[in-house]
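Quick mapping for you: the protein sequence lines, in order, are chains X and R. For the first sequence, my numbering assigns the number 1 to the initial residue and increments by one for each residue that follows. For the second sequence, my numbering assigns the number 1 to the initial residue and increments by one for each residue that follows.
Hint data in this document are derived by calculation from the structure and do not stem from the laboratory. Hints should not be assumed to be uniformly reliable.
[Unchecked claim] Which chain R residues stay away from chain X? Per the calculated CB distances, all over 12 Å, these: (1) A25; (2) D45; (3) L58; (4) I63; (5) I64; (6) D72; (7) I100; (8) G135; (9) I145; (10) T163; (11) K193; (12) G241; (13) T280.
[Stated by the list, open to error] Quick look at which bits of chain R chain X covers, simulated, 3 or more residues with Cβ under 8 Å: (14) 26-37; (15) 149-157; (16) 271-279; (17) 291-302; (18) 305-311.
Backbone N, C-alpha and C define an ideal beta-carbon position, used for all residues, glycine too.
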Amino acid sequence: MATVTETAAAARAYEPPKPIVEFWHHFSQNKGAVTGMLVIVSFCLVAIFADVLSPHPPAEQYRDALLRPPFWMDGGSTRFLLGTDDVGRDMLSRLIYGARVSMVVGVVVIALGLVVGVALGLAAGFLPGVVDIAVMRAMDTLLALPALLLAIVVVAILGPGLFNAMLAVSVVVLPGFARLTRAAVLTELSKEYVIASRMTGARLPRLMFLTVLPNCLAPLIVQATLGFSTAILDTAALGFLGLGAQPPTPEWGTMLADALQFIQRAWWVVTFPGLAILVAVLAFNLMGDGLRDALDPKLKR
Amino acid sequence: MLRFLLTRLSLIIPTFIGVTLLTFAMIRLIPGDPILLMAGERGIDDARYAQLKAELGLDKPIIIQYAHYLNDMAHGNFGKSIITREPVFKEFLELFPATIELSMTAIMIAVLIGLPAGIIAAVRRNSVFDHAVMGFSLTGYSMPIFWWGLLLILLFSVNLGWTPVSGRMAVLYFVEPVTGFVLIDAWLAGDWKAFQSALRHLILPAIVLGTVPLAIIARMTRSSMLEVLNEDYIRTARAKGLAPPRVIGLHALRNALIPVITVIGLAVGGLLGGAILTETIFSWPGVGKWLIEAIRRRDYPVVQGGVLLSATIVMIVNLGVDVLYGLINPRIRKGR
Numbered sequence: 001m002a003t004v005t006e007t008a009a010a011a012r013a014y015e016p017p018k019p020i021v022e023f024w025h026h027f028s029q030n031k032g033a034v035t036g037m038l039v040i041v042s043f044c045l046v047a048i049f050a051d052v053l054s055p056h057p058p059a060e061q062y063r064d065a066l067l068r069p070p071f072w073m074d075g076g077s078t079r080f081l082l083g084t085d086d087v088g089r090d091m092l093s094r095l096i097y098g099a100r101v102s103m104v105v106g107v108v109v110i111a112l113g114l115v116v117g118v119a120l121g122l123a124a125g126f127l128p129g130v131v132d133i134a135v136m137r138a139m140d141t142l143l144a145l146p147a148l149l150l151a152i153v154v155v156a157i158l159g160p161g162l163f164n165a166m167l168a169v170s171v172v173v174l175p176g177f178a179r180l181t182r183a184a185v186l187t188e189l190s191k192e193y194v195i196a197s198r199m200t201g202a203r204l205p206r207l208m209f210l211t212v213l214p215n216c217l218a219p220l221i222v223q224a225t226l227g228f229s230t231a232i233l234d235t236a237a238l239g240f241l242g243l244g245a246q247p248p249t250p251e252w253g254t255m256l257a258d259a260l261q262f263i264q265r266a267w268w269v270v271t272f273p274g275l276a277i278l279v280a281v282l283a284f285n286l287m288g289d290g291l292r293d294a295l296d297p298k299l300k301r
Numbered sequence: 001m002l003r004f005l006l007t008r009l010s011l012i013i014p015t016f017i018g019v020t021l022l023t024f025a026m027i028r029l030i031p032g033d034p035i036l037l038m039a040g041e042r043g044i045d046d047a048r049y050a051q052l053k054a055e056l057g058l059d060k061p062i063i064i065q066y067a068h069y070l071n072d073m074a075h076g077n078f079g080k081s082i083i084t085r086e087p088v089f090k091e092f093l094e095l096f097p098a099t100i101e102l103s104m105t106a107i108m109i110a111v112l113i114g115l116p117a118g119i120i121a122a123v124r125r126n127s128v129f130d131h132a133v134m135g136f137s138l139t140g141y142s143m144p145i146f147w148w149g150l151l152l153i154l155l156f157s158v159n160l161g162w163t164p165v166s167g168r169m170a171v172l173y174f175v176e177p178v179t180g181f182v183l184i185d186a187w188l189a190g191d192w193k194a195f196q197s198a199l200r201h202l203i204l205p206a207i208v209l210g211t212v213p214l215a216i217i218a219r220m221t222r223s224s225m226l227e228v229l230n231e232d233y234i235r236t237a238r239a240k241g242l243a244p245p246r247v248i249g250l251h252a253l254r255n256a257l258i259p260v261i262t263v264i265g266l267a268v269g270g271l272l273g274g275a276i277l278t279e280t281i282f283s284w285p286g287v288g289k290w291l292i293e294a295i296r297r298r299d300y301p302v303v304q305g306g307v308l309l310s311a312t313i314v315m316i317v318n319l320g321v322d323v324l325y326g327l328i329n330p331r332i333r334k335g336r
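Assemble the whole structure, with the sequences as input and the hints as a guide.
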């Protein structure tokens with residue numbers, strides 16, 4: 001009896017590490033990826049607790065303090081840590097609320113792109129013939145236009161605004177998800193477990209969503225993370241061009257556009273919003289790269 | 001080879017039809033009456049309304065409209081701007097050289113810096129230089145270029161006064177447009193002062209537009225070189241006692257360049273998106289700025305025609321890259 005337990009224990013000891021443990025092992029060795037993740041977590045916290053963290057309301061105009069410099073410069077005060085803009089709004093508070101806008105943008109854009117893109121990709125992968133060709137040619141058309149041009153076309157149709165800009169950018173990220181899903185489905189479809197599942201009589205929806213889709217998730221997670229950076233960057237670009245969020249929304253790209261005319265007098269209104277965009281985008285790119293290295297078995301050392 | 005070309009060409013046709021459908025649908029998808037929208041708040045009288053409706057072809061059945069649309073395009077008729085009343089195609093042709101000049105300079109900067117940087121980073125793997133290149137590359141790749149442009153203007157134009165803030169050339173110079181590229185025209189005319197002025201106007205926007213491609217090229221070159229440097233034939237070449245520059249320059253680089261060329265090609269196609277932002281920041285009189293202004297003014301014929309023309313050019317560039325790729329890589333060509 002004792003020997004049986006020992007053997008079982010020994011067998012357990014030789015079990016391969018759980019996928020999640022193995023993933024974390026690879027991911028945590030990538031310093032850049034971990035840094036990216038920490039930055040993203042802090043951005044999320046800032047976005048969630050914006051009401052508590054920001055020293056002033058983001059749209060409050062202090063008419064007695066227009067274009068005040070940051071506190072370490074002559075004329076700056078600790079009342080406005082990063083200075084104020086041309087109508088006397090606190091830069092720091094607007095940046096903090098801008099984090100909330102950008103995170104919402106990222107989540108909405110990726111959620112929309114992911115749901116529609118995965119659905120189209122699944123349809124194309126499982127239904128060869130007319131559906132496949134129609135979906136993939138449509139995706140090719142979207143990919144034929146440069147990302148920003150495509151977003152601009154969509155906004156030109158829908159009209160400017162933050163929500164329409166989000167829709168536009170989700171159209172931009174959509175083909176990536178659709179293609180990736182289709183490719184993953186086609187690889188999975190020829191594997192034994194799918195054939196076995198078919199033999200036991202699984203119907204199409206079950207095959208699609210329960211059998212095959214979970215096994216296609218790894219590349220989708222990577223693409224979604226990298227897509228966050230596209231979402232933030234392109235929405236900010238649209239905001240900058242006056243086609244995205246409209247003033248007084250504290251969106252980073254829109255803030256930059258507002259600041260353009262003060263570039264000679266007030267460097268801080270131009271520098272900080274852009275820096276925020278860069279750091280956020282960089283963090284998602286770093287984490288996305290790390291996820292890809294950790295999730296892609298081909299690249300594992 | 002001909003077969004390869006034809007296959008590629010046939011693949012582009014559905015995409016092209018898709019783009020024409022998209023631009024065709026544009027005006028029709030706008031919520032509300034597009035003509036009233038274009039007229040703006042001032043309103044519009046009935047005669048002009050009917051005229052515009054006929055001009056845009058909105059008074060006929062949708063299938064007929066599309067057939068007319070395709071027919072017009074085939075004859076180079078992309079409609080007229082509502083604001084300037086000029087043919088869209090003519091305006092596009094006038095502005096396009098400025099965009100090409102900017103884009104070509106940008107891609108040249110990107111290749112001339114990105115390629116050597118990537119090669120050296122790969123050869124000196126894990127050195128300080130390698131880490132610096134990778135750091136810069138990742139930052140460049142994540143860069144909001146509209147902000148990057150502003151920073152450069154802040155530093156070089158506002159603080160140092162080295163470069164002008166906007167435009168293609170100082171207004172006091174004039175060169176006869178021969179090629180449409182101000183830089184070449186000034187050189188052809190032998191006007192040294194105008195050439196200098198054009199160059200100083202061009203350099204900042206080109207750097208801004210070239211930043212993202214530079215980052216991508218450096219990164220791709222590095223990883224492609226690293227892969228190739230591990231191959232057996234490189235070890236053989238080294239074992240034969242060939243000089244390291246010969247091994248890297250001849251044996252490794254030739255094979256490593258193939259994926260890099262694809263990436264450069266894709267970057268050229270994508271430059272147009274960046275050009276929209278760069279031209280807006282630097283008031284560069286090109287196609288990108290024209291498109292954005294047309295959207296702001298609700299000049300839909302310009303938006304429609306401009307998008308279609310731009311998309312067509314991007315598709316042609318991508319096709320060219322595909323063909324070039326087939327030429328240098330027999331595996332792709334024969335595989336089809």
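For each hint, the structure was consulted:
1. For A25(R), the condition that its CB be more than 12 Å from all CB atoms of chain X is violated, with the nearest at approximately 8 Å.
2. The claim that D45(R) is not at the interface with chain X holds, since no C-beta of that chain comes within 12 Å of its own (minimum 25 Å).
3. Every C-beta of chain X lies more than 12 Å from that of L58(R), the closest at about 15 Å, which supports listing it as non-interface.
4. Distance check on I63(R): its Cβ is at least 19 Å (rounded) from any Cβ of chain X, clearing the 12 Å threshold; non-interface status holds.
5. Residue placement check: I64(R) keeps its beta carbon more than 12 Å from all beta carbons of chain X (closest about 22 Å).
6. Listed as outside the interface, D72(R) is consistent with that label: its C-beta sits roughly 19 Å from the nearest C-beta of chain X, beyond the 12 Å cut-off.
7. The claim that I100(R) is not at the interface with chain X holds, since no C-beta of that chain comes within 12 Å of its own (minimum 15 Å).
8. The Cβ of G135(R) does not lie farther than 12 Å from every Cβ of chain X; its closest approach is about 9 Å, which violates its non-interface assignment.
9. The Cβ of I145(R) does not lie farther than 12 Å from every Cβ of chain X; its closest approach is about 8 Å, which violates its non-interface assignment.
10. For T163(R), the non-interface assignment is confirmed: its Cβ lies about 14 Å from the closest Cβ of chain X, beyond the 12 Å cut-off.
11. With a cut of 12 Å on Cβ distances, K193(R) stays outside the contact zone with chain X, its closest approach being about 27 Å.
12. For G241(R), the condition that its CB be more than 12 Å from all CB atoms of chain X holds, with the nearest at approximately 31 Å.
13. T280(R), annotated as away from the interface, has a beta carbon of chain X within 12 Å; the closest lies near 6 Å.
14. Using a Cβ-Cβ cut-off of 8 Å, 4 residues of the segment 26-37 of chain R lie near chain X, which meets the minimum of three, so the contact claim holds.
15. Here the segment 149-157 of chain R counts 4 residues with a CB under 8 Å from a CB of chain X, which clears the bar of 3, and the coverage holds.
16. Taking a C-beta to C-beta cut-off of 8 Å, the segment 271-279 of chain R contributes 6 residues in contact with chain X, enough for the three needed, and the coverage statement holds.
17. Check on the segment 291-302 of chain R: 5 of its residues sit with their Cβ under 8 Å from a Cβ of chain X, so the three-residue criterion for coverage holds.
18. Here the segment 305-311 of chain R counts 3 residues with a CB under 8 Å from a CB of chain X, which clears the bar of 3, and the coverage holds.
Violation of the numbered hints given earlier is confined to hints 1, 8, 9 and 13; the remaining hints are satisfied by the structure.
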